[in-house]
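As you go down the protein sequences, you meet chains X and P in turn. Counted the way the numbering used here counts, the first sequence spans residues 958 to 1070. Counted the way the numbering used here counts, the second sequence spans residues 10 to 122.
Take these hints with a grain of salt, some might be off.
[Unchecked claim] Cβ pair distances, simulated, as ranges:
#, chain 1, residue 1, chain 2, residue 2, range
1, P, L55, X, T1033, 43 to 53 Å
2, X, S1038, P, E121, 40 to 50 Å
3, P, S23, X, I995, 23 to 33 Å
4, X, E1053, P, D17, 28 to 38 Å
5, X, G1054, P, E75, 20 to 30 Å
6, X, I1017, P, T14, 19 to 29 Å
7, X, S1015, P, L55, 32 to 42 Å
[As the list claims (entries may be wrong)] Just a few of them, taken from the derived set where beta-carbon distance is under 8 Å, the chain P residues facing chain X:
#, residue
8, I20
9, F43
10, Q51
11, A96
12, F99
13, A103
14, F112
15, G115
These aren't lab readings, by the way, just hints derived from the structure by calculation. We put the CB at the ideal spot given by N, CA and C, even for glycine.
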Amino acid sequence: EPEVTQTPSHQVTQMGQEVILRCVPISNHLYFYWYRQILGQKVEFLVSFYNNEISEKSEIFDDQFSVERPDGSNFTLKIRSTKLEDSAMYFCASTEGPNTEAFFGQGTRLTVV
Amino acid sequence: AQSVTQPDIHITVSEGASLELRCNYSYGATPYLFWYVQSPGQGLQLLLKYFSGDTLVQGIKGFEAEFKRSQSSFNLRKPSVHWSDAAEYFCAVATGGGNKLTFGTGTQLKVEL
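Can you make the complete structure from the sequences, with help from the hints?
Dropping the structure here:
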């Protein structure tokens, strides 16, 4: 069964450092997403991406965040200068089309120290 | 703005007992509704979805959910719970053409043997 793959599974970084979280969506999917879940809280939408551009972003997704699809398979989330409050589980998801079910990756646990 | 409410933060049931997890949504248009399950340290797995048609939907692992427009609810049920069902359950609504998901705060299910 096709699945969304995320790497790394866990990343520890120092405050102020840049991190790149990587995702390989399901190959025939066209819509890509990043969500985050701070420990003990609900899953929150960060950004959606379609046709090589951001289609929607939340208030959380400020100038410190960026997304990119550098090639035909990867989808990345970059945080330029990490803050302690960026510590969370980050989930990548993809969908085949609008209003279809989202498939989630296993997540990357980011710890900022 | 859309929102999802899961009024029960924690629920404990005995193995073999029936289960109902509540979910209420607020959204102006016809919603697309989902239930996801998250086991500790794992990603989000789709249990079931409602897009249209029959308001009683069947999912994986013996779960079902009923969409009630008049009550703005999408409650998840299982007739007989297994110990392996212990996990956190999230209700979500899809909004916008790009399928952005808004999640509830989750219900933590504990199963007593």
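Which constraints among the numbered hints does this structure fail? Numbers only, ascending. 1, 7, 8 and 11
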